[in-house]
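Peer 1: One letter stands for each residue in the lines below.
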Amino acid sequence: MTGWPLTRRGWLATTGALGLAAVSGCSRPRPVRDSSGRVIVEYWHQPMVVQVPELGDEVKEVGDFERFLARRFMAQNPDIVVRTQCLNWEDLPRKVPISVLGGRPPDVLMDYVGRTSGFWYQGVLEPLDELVGGIEEDFQPRMLEASRLPGPDGSPQLHAVPLCGWVQVLALNRACWDAQGLGHLLPGREDPRWGSWDQFEAALEAVSSPEVTPLGMQCASEQGDYRVLQYFWAFGAEVYSGRDYSRVALNSPEGVAALEWLVEARRKGWIQPNVATAGYGFYDMFWRGRTVAIPSGVSMRRAYENALRDGKVTADFNGDGTIDMEIFYTLPPTRPGVATTLPVSTNGLVVFRQQDPDRRAAAMRFVEFLTSTETVGQYSRASQMLPGRKSVGQIFANQPDVTRMLELAAGCPVADMGATSPSYYDIRKRLPPYLQAAFLGLKSPGEALAGFEREAEGVLRGQVVAEAGVSTPQRESIR
Amino acid sequence: MSSVAIETTVPRFRRGGWIFLLPAGVPFVAFVLWPLIHGVALGFFDVQLSETRFIGFDNYRRLLDDETFWAAVGNTCGFVVLVVPTVWVLSLGISALVYPMGGFARSFFRFAFYIPVVAGGVCLAMVWMWIFDQQYGLLNYVTGTVLGVEVDWLGRTDTALASLAVVVISWSLGQPIIIFLAALGGIPPELHEAARIDGAGPLRRFWHVTLPLLRPASLFVLVTQTIGVFQVFVVVLLLTVNGGPAHSTRTIVYGMYETAFTPMYDFDYAAAQGSVLLVALGAIAIVQFRLLGRRTRLD
Numbered sequence: 001m002t003g004w005p006l007t008r009r010g011w012l013a014t015t016g017a018l019g020l021a022a023v024s025g026c027s028r029p030r031p032v033r034d035s036s037g038r039v040i041v042e043y044w045h046q047p048m049v050v051q052v053p054e055l056g057d058e059v060k061e062v063g064d065f066e067r068f069l070a071r072r073f074m075a076q077n078p079d080i081v082v083r084t085q086c087l088n089w090e091d092l093p094r095k096v097p098i099s100v101l102g103g104r105p106p107d108v109l110m111d112y113v114g115r116t117s118g119f120w121y122q123g124v125l126e127p128l129d130e131l132v133g134g135i136e137e138d139f140q141p142r143m144l145e146a147s148r149l150p151g152p153d154g155s156p157q158l159h160a161v162p163l164c165g166w167v168q169v170l171a172l173n174r175a176c177w178d179a180q181g182l183g184h185l186l187p188g189r190e191d192p193r194w195g196s197w198d199q200f201e202a203a204l205e206a207v208s209s210p211e212v213t214p215l216g217m218q219c220a221s222e223q224g225d226y227r228v229l230q231y232f233w234a235f236g237a238e239v240y241s242g243r244d245y246s247r248v249a250l251n252s253p254e255g256v257a258a259l260e261w262l263v264e265a266r267r268k269g270w271i272q273p274n275v276a277t278a279g280y281g282f283y284d285m286f287w288r289g290r291t292v293a294i295p296s297g298v299s300m301r302r303a304y305e306n307a308l309r310d311g312k313v314t315a316d317f318n319g320d321g322t323i324d325m326e327i328f329y330t331l332p333p334t335r336p337g338v339a340t341t342l343p344v345s346t347n348g349l350v351v352f353r354q355q356d357p358d359r360r361a362a363a364m365r366f367v368e369f370l371t372s373t374e375t376v377g378q379y380s381r382a383s384q385m386l387p388g389r390k391s392v393g394q395i396f397a398n399q400p401d402v403t404r405m406l407e408l409a410a411g412c413p414v415a416d417m418g419a420t421s422p423s424y425y426d427i428r429k430r431l432p433p434y435l436q437a438a439f440l441g442l443k444s445p446g447e448a449l450a451g452f453e454r455e456a457e458g459v460l461r462g463q464v465v466a467e468a469g470v471s472t473p474q475r476e477s478i479r
Numbered sequence: 001m002s003s004v005a006i007e008t009t010v011p012r013f014r015r016g017g018w019i020f021l022l023p024a025g026v027p028f029v030a031f032v033l034w035p036l037i038h039g040v041a042l043g044f045f046d047v048q049l050s051e052t053r054f055i056g057f058d059n060y061r062r063l064l065d066d067e068t069f070w071a072a073v074g075n076t077c078g079f080v081v082l083v084v085p086t087v088w089v090l091s092l093g094i095s096a097l098v099y100p101m102g103g104f105a106r107s108f109f110r111f112a113f114y115i116p117v118v119a120g121g122v123c124l125a126m127v128w129m130w131i132f133d134q135q136y137g138l139l140n141y142v143t144g145t146v147l148g149v150e151v152d153w154l155g156r157t158d159t160a161l162a163s164l165a166v167v168v169i170s171w172s173l174g175q176p177i178i179i180f181l182a183a184l185g186g187i188p189p190e191l192h193e194a195a196r197i198d199g200a201g202p203l204r205r206f207w208h209v210t211l212p213l214l215r216p217a218s219l220f221v222l223v224t225q226t227i228g229v230f231q232v233f234v235v236v237l238l239l240t241v242n243g244g245p246a247h248s249t250r251t252i253v254y255g256m257y258e259t260a261f262t263p264m265y266d267f268d269y270a271a272a273q274g275s276v277l278l279v280a281l282g283a284i285a286i287v288q289f290r291l292l293g294r295r296t297r298l299d
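These protein sequences, in sequence, are chains F and Z.
Note that the working numbering has the first sequence beginning at 1, numbered continuously upward.
Note that the working numbering has the second sequence beginning at 1, numbered continuously upward.
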């Protein structure tokens, strides 16, 4: 115990130095180049693509497709190395902001523009207008519009380059009706439009039983809220009116009527009884045949293929031991006199602010590659989503019903969920508890929507206060 | 000569003692103390992804008007009231029953009750999710068969919180039982012997001898359980999604998580909530120490 080489001061200094080294090591910025001198680009993305049949064994699970694309890009650009990372749905909203706070965000991110807009309002994204210069007309106008946000001077700037998107329709398992000889209650295969709201209700009533609650829905959280909102739009209600994001408009006579209908539908057994706490489990209910109608994108058939492969599909309505599943897309029905309004969602590519010009240029080149007609086409075919570029052409040629559905959808107004408004998430997450209260009978539909409106106004008032000078609008509005 | 040796050795030993503290001390400073200080400080700033500025007590003023936060405080207190006394009574009762069994039986029960602690919250939450399932759950199978009643345990505001409390209780018994069994072993048998000679029955001996001598163990159990229950998170995240229905199971820690990690990324406001929790827990622990920490005196 004698002869320690360091004094107490020495120990303290050493410990302090080690601590500082550890702390500085943690916040060290990422190197721009690898040991071979190639510029490193980090690409993080959604788990959007699971399988790409035409690529065979090369793409078998999430992340494989992006690695395949990265290899192709690196072959064309030997001075750049792309490192991909697939984030699952839970990690997307957590890991990216933490990485930004930690000073090590990805260079390129592919995600829903409703989420990436938050980064734009925080001032951590590069404007990307330069990437669509000259080819702007080739992008889908709705997707391009959804990706433009006000810049620091208020003029619109492109915060994300559209990659692909989806439009919501109503997916039915037609086999449920056909197995009971009730197929005549549904729209015809050649024209997937409901004749009337009464026809829709009659179709639900006909297959409703203790085993089948026809409508699948979730309101445990704000995720997938557009599925519930589809019924509000059916009644002519809107979340925001006339692109006025200073107030919510859901608490209207139409909104109250829609929520009354939903509550009544649950009482009648048309909606699963645990809707107040239901998460994504309703998909499994659909595969098991316990639910037969859910608002969905036209990628439902791809999801069905995956569910079938995983042994999740057990729907059997006539008890003959065979699977009864026919995915049938219809245009969501509306109340008399109300036009069909559909939510359209866009997934885009964003570039985080870059200090190094070489890495910025490399990131831009990679985004250019990812949004080329060829890659957008591959992404869209793989995910069964709508391509962001017109030059991709028709990707659903082998599904004439989808082609027809998309033609019909193109003529419908786009539902305004305020996805790229500054307070989108803050407002959005306040609705589910009020819907739950209405479904559970704790509040009347009118009280529930009034409560939501009051709470939303509080949030938006905070924004107005900010605009009055307490804080800058962007900073406060992100709350 | 010897006194000189002592004077030189002790300071050197103390200096060297710092080295032995390092394996525990460095992680403690890096992963507990520093985040704690940083978290408290964060509550006084407006932290954005691109910049940070000092805002004083704004976040705390905002807390006062935040109905969702106060709903979470109410639910968390409800959890504490339901779980802590139940765990204390059950673990003490089980320990009192198991302790006299001796040898193998005592080891078996200690093992059996400690298993849930080892299994971890996520595994248990998944098991309970199926037990509570409205359509296929074991609980509804039993209530449906015996009483003809089926309940959406996690989907009703009047049953959801209590259901989660049952889950928390199920995995909270193991550690207190171990502690109480150890503490029971530390009670001198002469005291029970003397009480028996004085004519005290089993209940009176438990009340007047065992219980007072278990006060330090009880204090430890109550303090750690209270802190643990105030930090309930996993069950809310896994079983009732978003603290529903209608905020009826939202807890303070779940609210912190949601505030920080949903896309408003309100880290500073979440940190302010954490600071309030820290102060509240500190105050409760002090009260518990004051009430239960005095020296035991046998009448």
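Note that these hints are calculated values from the structure, not bench results.
Owing to the predicted nature of the structure, the values given are computational and were not obtained by experimental measurement.
Incorrect hints may appear among the rest.
[Stated by the list, open to error] What follows is a list of derived Cβ distance ranges for each label pair:
#1 107/Z x 71/F: 53 to 59 angstroms
#2 67/Z x 104/F: 35 to 41 angstroms
#3 306/F x 145/Z: 36 to 42 angstroms
Just so you know, even glycine gets a beta-carbon here, dropped at the ideal spot from N, CA and C.
Peer 1: Kindly indicate which numbered hints from before are broken by the structure, ordering the numbers from low to high.
Peer 2: none
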